[in-house]
Structure formats: C-alpha cells, structure tokens
Amino acid sequence: MKNLLFTLLLSILIVPLFLNAQTTDTIKAKDLFGDLKARHIGPALMSGRINDMETHPTNPRIIYAGTAGGGVWKSNDSGTTFNSIFDEYCQSIGAVAVDPNEPDNVIYVGTGETWTRNSVSIGDGLYKTTDGGSTWNKIGFEKSERIANIIINPKNSKEIYLAVLGALWSDSDERGVYKTIDGGATWEKVLYINPKTGCADLAIDPSNPNILYASMWEFRRTAWSFESGGENSALYKSVDAGKTWNKIHNGFPKGKLGRLAIAVAPSDPNVLYTVIEAEKDNRKGLYRSDDAGKNWKQLNNDFGITVRPFYFSRLVVDPKNPDVIVKGGLTGSISRDGGKTFKDLGNMHSDIHDIAFAINDSDILYAGTDGGVYRSWNGGTTMEIVENLPLSQFYHVSVDNEEPYNIYGGLQDNGSWYGPSRSSGGIKAKDWKSIGGGDGFRVYKHPTKSIIYSEMQGAANVWRYDVDKKLIKTIQPLPKKGDPKLRFNWNAPIAISNFKPDRIYIGSQFLHKSENMGDTWKIISPDLSTNDKAKQEQENSGGLSIDNSGAENHTTIFTIAESPIDENIIWVGTDDGNVQVTTNGGKSWVNTSTDISGLPKNTWVYHIEASSHDKATAHAVFEGHTTGDMKPYTYKTMDYGKTWTNIITEDVIGFVRNIQEDYENPNLLFLGTEFGLYITLDGGNSWSKFTNNMPSAAIHFIDLHKKTNDLVIATHGRGIIIIDDISPLREITPEMMKEKVHFLNSKPTIMVDQGGFSGNFGSETQFVGANPTRAAQIKYFLPKRHTFGKMTLEIQDLEGNKITTLSPGKSKGINIVNWPYSIKQPKAAKGKTFSFGSFTSPRVKAGKYKAILTKSKETYEHEFEVVYDERTGLSKSDRELKYNTTMEMYDMTQELAYMVYELDAIYEETKDDNKKIAADLKELKETLVITTGDNYVGSAEPQLREKMADLYSKIAGSYDKPSDAELDNLVVIEDRFNKAKKDFEKLKKKAKVDDLELKTFDEFINE
Amino acid sequence: MKTLKLLLLTLIIGFSFNANAQTADEIIENYFENTGGIDNWEKVEGIKMYAKINQNGMEIPLEITQLKGGKQMTVINFQGKEIKQGVFDGETLWGINFMTQKAEKNDKETTDNMKLEKNDFPDPFLNYKAKNYSVELLGKETIDGAETFKLKLVKEPITVDGKKEENISYYYFDTENFVPIVVHSEIRSGQFKGQVSEAKMSDYQEVDGIYFPYSLTQGIKGQGGQPINIDKIELNPKIDDSAFTFPEETETTTPAEETKK
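If you read the protein sequences in the order shown, they are chains B and S. Note that the working numbering has the first sequence beginning at 1, numbered continuously upward. Note that the working numbering has the second sequence beginning at 1, numbered continuously upward.
Rather than coming from a laboratory, the hints here were simulated on the basis of the structure. If you're wondering where the values come from, they're calculated on a predicted model, not measured in any experiment. Any given hint might turn out to be false.
What the hints assert, rightly or not - Below, a list of computed lysine to aspartate or glutamate pairs in the DMTMM-like style, where the Cα atoms sit at most 25 Å apart:
| no. | chain 1 | residue 1 | chain 2 | residue 2 |
| --- | --- | --- | --- | --- |
| 1 | B | LYS824 | S | GLU82 |
| 2 | S | LYS131 | B | ASP104 |
| 3 | B | LYS784 | S | GLU198 |
| 4 | S | LYS221 | S | GLU136 |
| 5 | S | LYS81 | B | ASP519 |
| 6 | B | LYS832 | S | GLU249 |
| 7 | B | LYS848 | S | GLU59 |
| 8 | B | LYS138 | S | GLU147 |
Claimed, not checked - Beyond 12 Å from chain S on every Cβ pair, some chain B residues (computed):
| no. | residue |
| --- | --- |
| 9 | ASN232 |
| 10 | LYS243 |
| 11 | LYS247 |
| 12 | ASP363 |
| 13 | ASP483 |
| 14 | PRO564 |
| 15 | ASP566 |
| 16 | MET630 |
| 17 | TYR640 |
| 18 | SER746 |
| 19 | ILE750 |
| 20 | THR765 |
| 21 | GLU908 |
| 22 | ASN914 |
| 23 | THR927 |
Even for Gly, the Cβ is constructed at its ideal location relative to N, Cα and C.
Build the full structure now, drawing on both the sequences and the hints.
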C-alpha cells in the first residue's frame, strides 16, 4: 500500500514537471486550426473502389456503400445520391451491417478492405452507432486489420457473428469467426485455424440462425509476392450457433483450396453456392448444394467465375429467387438458371466486388466496382453510375503555375487526370481531362512547355503528351546493349528537375536521367537497391492462381528528390530500404540508411523531401506495412544522411507515406499518414491531426503550391483535398498565442475581374467540388473562443470612414473573414416590384484599408491592401472613370429612393384634402418606379428607377470602363431624373406641407 | 503520512467525482441558471430579433418573431418592401412568393412538422421532460477550439417524404459557462438531405435579465455558413395576431357549394 501511494504521489508530482519541460519547445496546434478548412474537389467521375453494398431491411430508399478507401456512404434516395457518414474514422471499409431489428439506428462498420490487392489499406477495428451514424464508437478488434462480414441474428440483435479476415502481411491470431451475445460488449472466438488463415466469407441461414457457413482462407502477401491458398482453406458449417464447426467438402476438389465465397439463397436456405479456387483449373469455379451443404456439384468454371479469386470471390443470390445468382468479377456475371450458365452484367467500370438487390424489386440492383457504385433498373443489363461519390484513389499529385493552377495525378485502376483548382460554378466532372490509361501514378506538367508526362503501372508506358498539338509518344527508358532487365516499381518514380526544364528523372533499379524530355536516357547510378534475388520471382506469385500483374515488382527505386538548391544533389529511396544520395550529379552514391536508430532494416523508403532551406537537409519517410509493421517512421538529416533523427511523436497514428516541408518556415511540416493529415509547427516535437473537414483518409502524396500556399493532398479514397493558403500556420508562435487578438498577415488581394458561365445543367446529382474564395481575407488569431459579449468587425478607409461591416469569426485559433471588397448595395426606391439592378454591391477602389475588430470594448486594428487585376489591362484613368461613374449612379439611386420616400409621404398627407396635388404626385410617381405587375413575366414597363438600376448594375458589374453607349445612356437617365426632380420640387411647393415631419436623407439611408 | 493519504484520497476521489459530476440535467440546469434563471425563461411570451445578413456584399435586414405557442415569422426587407417568410399561426405555415409577392402555403408535411415545434418556445430544453423529449450526455468534444459537452436531444418524430423519422439534434454546451455554442442536426429534406446542418452561436448578451446569442452562423457542417448578426432583441413584443394569418385569396368554396350558387 505504501509503495502504491508513493508511486501515485510521484506520478502526480512528476507529471506536471514533465509536461512543463515539454511545452517549452512545442506548439500544440490541435485546437488552433480554426477556419482553415479542407476543400474537397473530387473528382467523382471515375469514383473509386467499393468493398461492400448493403440495403436497409424495410426502407428501399436507404442504401449503404462501404468503400475501399473512402469510408461509409449512405443514400436516402435509392442510390441517386450518397452522403459520407464516417469521415472521422478509418476510411478503409470491409463490411457494413444494419441491425434488422433497429435498422434506423443501429449500424455496424467493420473496417479494413477485404479485396487484398497490393495497394489495399488497413482497418482499425469494429465500430457501432446507435443513432443512425451521428456518433460512432469503436467496440474492439483494433488489430483485426480487415473484417469481412458482420452478421446480426435477425431474431436477436444481441447475437452477432463477425468474420475477421485479419492481417494480410503478417501472422496474427486476431482472425477467424467471433460471436457476441451481448450486442458487442464481449466476444468469443468460435472458429480459429491458425495465424495465417482468416474468415473470408460468412453466411447465416435466415430461417434458422443457428446454422452458419464460414469460408476460411489461408493467404499472405509480401511486398514482392502474393500467396492464395493452402491446406487450411476450407468451408465450414455450424448447426449449433457457432459452438462446433465441421468441414462440408463432399464433392469439393482434392488438394489445397484458395479463397471461397459462400452464399445462402434467402428464399430457399437449402440452396447454397460457393465459388472455389482449387489446384486444378478444371475443378475451379461455381459449386451448388441443394441440401444445405451435404453434397456439392460443380456447375461452371467460366473465366468470369474463376478470375482472380482474391479480388472477386463474392456471390449474391436474388432474395426472391434461388436460381438467380450474381458473381463479382472483371465484368460481373449473372445466372438465371441456378448457376449453370452466366452472362456478363451490363457495361460499367471493370472489377465488380459486390452486388445488392433492392429489397422489393430484384430488377433494381446496385454494383460496387473499382470505379464506384452503379445502379441497374433492368436486372443488370444496363448500368448507370452514381455521380456524386468522390472516392478517387490517387497515388500522386502535382500542380502547375497556371492561374488558376491545375492539379495532376494518377489513380488506382482509373488512369491519370488533370483538372483545375477552380472553375465557374464549382469544379465539375467535365472540368477533368484524361491524361493516361491503366493504373495512373506520377503525372507532371513540364515547367515551361505545354507538355504533360504521365505513366501507367511499372512504367510500361511513360507518356509525353503535347497538349496544344495533341501529340502523344511514350518515352520510358529501354535496356540497351549490356543492360540487365530494368526493374520498375508498380508505382515507378518520375521527377522533374528544378533547374533544367527539359530534364526528367525516372527510377528503375538505376536512376535514369534525360536532358531532352525523355528522347535519350542516361543511367547515372549503379543498382541502388539491395538487388535481393529472392524478392524478384514475381512470375511465381499468386498461389493457386498465378497473379503476375507487375504489382509485386520489388527491389526498385521508389522515390527521387533533386535538391531545390543544388542540382548535383539527388536523393533516391528504394522499396527495399536504401536511402542513397549523390552530391555530384550521380558520379558517386552513398547509402545512408544502413544504420538508422529505431528503423527495421529494409523498410520501404516511401518519400524523400529534399529541403528548400538547406541543401544538406532532407526528410525521409519510411513505411513497413508490407511486413506487418504499421508504425510511423519519419527522419530528418541535416548532414547529407550521415545522421538521421526521428521526428515522429506518439501523436501520430498510422504509418506514414508522405511529408511536405513548408517553403518559408522550416518547422512547419505536413505529414500524410494512412489515417489522415498531421501538422507540426515545431519541426516535429509535436504533431496535431488536422480534422477541419478533413476525413481520416489515407494520404499518398502532398504538394504545396508555391504561389498560392495551397496544400494539395492526394488521398487514396477521397480524391484531391486542398487546404487553401496555409500561410497563417507560418506565423503561430507561443508569444502571439498570449495576445488577446493577433492579426495575421496577408498578401495584397487582387480584386479579380475574371468571370465565367457555370452551365450547371446535368450536375444536379453530380459531385461538384467547391471553389476557393476570391475575397480579401482578414485573418486573426484568438487565444480563446469568443462566446459572451459583442464582437464586431468594421472595414474603414485609412481616414477612418466606415466602408462596411463584416461578421467576425469567434473560434479559438485562426479566424478568416472574407470581404468581397465591396460596400453594401444602394438603398433603392420603393416600388411595386424589385429593382434587381440595385442589388449590386459596388467594389471599392484599390488601396489600403483598415479592419477594426471590437471585442469587449477594446479595439484592434489591422491594415491590409486590395489591388486591381492587372490582367484586365485597364489604365488608372479607366479605373477612375469606372469607379466615379459607378458611384455617381449609386448616389443617384439613393437620391431617387429618398425622393420617392418624400413623394409617398406627401401623397399620404394630401390624398384626402388636396386631390389635385395627390393625383399629380401619383402621376409623377408612375414615371419614377414600377407601380404594377410582378417580379416575373407579369412585370410592368420599366420606369426611371429600373432604367437607372439596370445601367448602374451594367457598369458596376462590368470588368471594363464604361462604354460610350453606357455614358450616352447615362445622359438620358440624368436628364429624366433632373426633370423629375424639378417637377417634384414644384409639386412639393404647391402641396404646402412644410409641417410634415420627414426623415433627413442621412436618416433615411442609414435606417 | 495519514494526512498525505487523506490528501491523495481526496485527490483521487475528487478527480473521479469531477469527471462524472456533470449529468445532462445539470448542464441544462446550469445553462438556464447562467442565462437568467428558469423563472425568467418561463416568463418569456415572445421574442423579436432585429438582424442583418450579409450575402456577398449585399446587406439584407430581417426581423424574426417567435411567440409562445409557436406563432412565428421572419420579415425580410427588400427595397422597402416587407417579404414575410416562414409565417406560422399555429395552424398554417406560409410565406410570400418572391415572383408574385403573394402569400402561398407550405406543403402539409412541412406544416405538420412545424406544429410539432409549437412547444419549443422559447427553448426546446425548457421543461423538456414535460414535452416527452429525451436528453443524453454523450461526452466531451472540442469544437471551435472550445471544450464542450455534447448533448443529444430527441424530440417528437417528424415525417419526411411520407415516412416517420426520429428528430435528433446535438447541442454542444461550452463547459466553461454552459451555453450552447454549436448545434448539429441531419438535414431531412431537400437537395442537401442526409448532410449535417451546423448552427454556431456566440456573442451572448443580456436582454431584460436573459442572455441570448446575438450572432448565429448557419450552414452545412464543414462548409462554412451564413452569419446572422442580431442588432436588437425585444422581449414580449406586442404583435397583432392578424400578422400571422394567411391572407386568403382563392375561393375556398367546395364544389357542392359551387352548384348551389
């Protein structure tokens, strides 16, 4: 007891000391990101891989899609559109299950994709919601890595079976079939074979929930091979709710088995189907049992049934007809004769992983593919794509220097693309352009020419595309006399020189350099990999079904970084753990990663970031997930790799694939992990997860746009995500965090004149990516959220005249307030209808302005600048003419408004006693404003107010100076207004209403 | 040593006690206490807010009125013309059509859902048990950089496109002063159905002894929102009932009556 007390005491006393010591050189950023928000731009036109499709048991409008890297999406409109409901958690999904007894509230999500291709991500457990998806709780299985099925007893929601496929790259005993009888509080492992064999598929007899079928699969992947099948793969049945299990192999092929699917026909539970991966080709394929698994009969071994079992072993039976069965596959296959014959499903993206029939009408079905979700209304004959699932799985991203800049990247099974960072009306599917086929990886724009480089898997093609001339050629290095076989990674690295625009680098096991855009190549290194022959036998990869797609190519270069400071310094990282550096343009190389503290040998070098602050400095990211090592590794060197220092803290969860250094603040770093984005403000002493609209998606690559300071993030499952202008993060220091309000700097804002037409037709059910703002931004830092008392923000000119008021942000940390550099719209005369032109808010003059923030009676000032858009080509005098004419009409509009106000008041005063004057006033008013009609096609003939407003809006809204036509028209309006003013003055005198109390002009305008 | 033990014991117990001290009811109690006291809240008969929104440089003045019993309306002032929106007299929900400037009724489902909110004035948490609402404390969450208690509020089920749905919203109460600073709820109908709406509240200020947020920002979670700034709040305003009544224009006679004529 004494000891315990002492320890407790010690921990209480020591912990605060320790914390203090820590905080001296760390800046915890977690709560400070405030208004910095992630902006999703998709695209959704090629969508991304789907793992699991689920329906709601009673409501046909509700459909769920569990995706490979983009979380869980829910449709409320029978699959027309979907919304993400799982942003904050692991985005790699194995299975989604809806509680049949409480389907609106209770949903389970098993994380970890189960189609175990080379690029597959990992899960981190089982989640449950009891409120329809608003809040989720993890209920275990942290080490399960991938969950294949969740089956809830339809008669007892507390009883749940879980199929855990488990770890792909390593042994693990957290796999097999688990059961809970208390709704997930406690679990019992009811079927387990060995650390290499997991449950790939699980089915229940809906009429007798004590009967279960489990397909157990022996499998293993390494970075250089894949093995499906073994003595332990088998199909099991339990008739006692999981207590005992027996193999049901009567009629099965002899020898080793691979991945099996199992399906029970819901309308006749004695009918079972399985698809079998076997040793002999002629014994592979579809098997059926009509006696609940006692006997099996082989029915079909067509290509569509046997293709790539690790990727496509999924069978789905029509809920209403035991003889209608769908099989996942390259195209997907459907049988309507109980599995004897199949035809392909209708045209859609290839690689179909799951199918769900609508609950009430089997003509309607939903297919999950490598390119998103498809719907069919005619039993699978024609398929249409869901257009609002931005699940694109990028491997890489780069940007160019256009305005707006473009974003380039390659995607898993979806080629390479580029699209704009902004587009009129939002970034739509039609804004993206294809720039390469196959699986896409690195894509780069030539720094000065209208040329784009892209590639497909294993550098089988490296394209050079002349965008203007529309000319394509391939430029990948080829072996010349005396060269060994070139080994290119599946995701082969390409780099563009920072110094010579025509220079590019490509890595095989050698570093290749070209000075003429890929026409001639020179090898400038020895084999930089370990050249371990044991890791080069890809033609034997696959296990029972050979699978030599090139995806397992190993002992290759994976990342190339030319120093932004010195072109002779080049860093190269290999997939087998070497960090090689040359400081003489390739004449000699040093392997610097032979002894890095805390880093297992041969850990994949995923990215090297050569510093732009110091040429001896670099950051290297390592990741060992293909050996089952899920730890984050990131190191920094400041001496060309002689020594490496760990910069990862325990804040970081998930293995790391990329790091991006800020160009200005060397302590500001961005880390892309398998579970999202982390940011450090203190060079890696502490890391904070960025969660403002940023899902926990796997990040494969990050780029920072030099001019806009936009952080452009390639996610593998949620498309491209941008954090616009990260520059406020550069300024955060412990000192400023103590101030009550601290204004952050911003560059002078260009008042952009460019516009465009958005053409929104057809985008109603499409994903449309958000645009960045063009407004001037007032940025400030608050040490604490403002909740009590008034806080206001006013814009003034330098003389202190009020220009406008804005709504200030109140969040702790960074606040960003947008000002569209305009003053409020003029007050318009009251008529029967609206004068739409007067809704225009005119822009201010270029120049310096002050933001005045008032908080708790104290005021804080900040000066900032807005400038004209030089691209428009207007001279100073053009700008002056435009501004002065606009403001002349602005004032005129308000003058007319006041005149109509006066007129109405006098009319009211005179209408009973002085009918003649009243009638004259009424007549005058009818020429000033519209007094009849409506705001649509019932509108009346426009009067002075409308004509004035239309011209005002035309001039204020144009990029140009007022034209002669506009100025001539202004004369007409002025004349008419002057005449009206005179007429009104006369009537006013005649009316003799001197006693009438009226608001002054200023009172009227500012009321 | 004894004292030390005692001290430690209090530390440990005190700590765990603190962690569990707050129940949902205590948070709600604290909220009403800190914003004027439950008695004052119960006396509120009506609220009228004078506010402005600013949309891309365009400033739009609004007057929002809510009365006990559910009567409410928003009056937008455009170029001197008053456009009523979301007017509810307890039975009929209506608004002015911008094109014709004539009153039109909302659909029955929206109106029926609005009727369910009649008992929400002036605050859904006020005597929530009597309304058969349920409240649950889900834990603490940091939002806008402030530590909050996340409370789940379940009200009467609403009907959406012909189907009954639970009416759930999540309130985030600042742990420091127990006022709600953010409300989340799922958008139930329209183009954004299925997304989460977010309302942020700040600038709490006193009006006749009760604190109200003078700044509201409404939008879709994660995408920023539209700020509404309140210039003035008037409690218990005098408003003629007729202001809420739908101005009938169409013939409402039945076909049978038609033939009689």
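Handout entry: Violated hints, by number in ascending order, as checked against the structure
Key = The structure conflicts with hints 5, 20, although it agrees with all the remaining ones.
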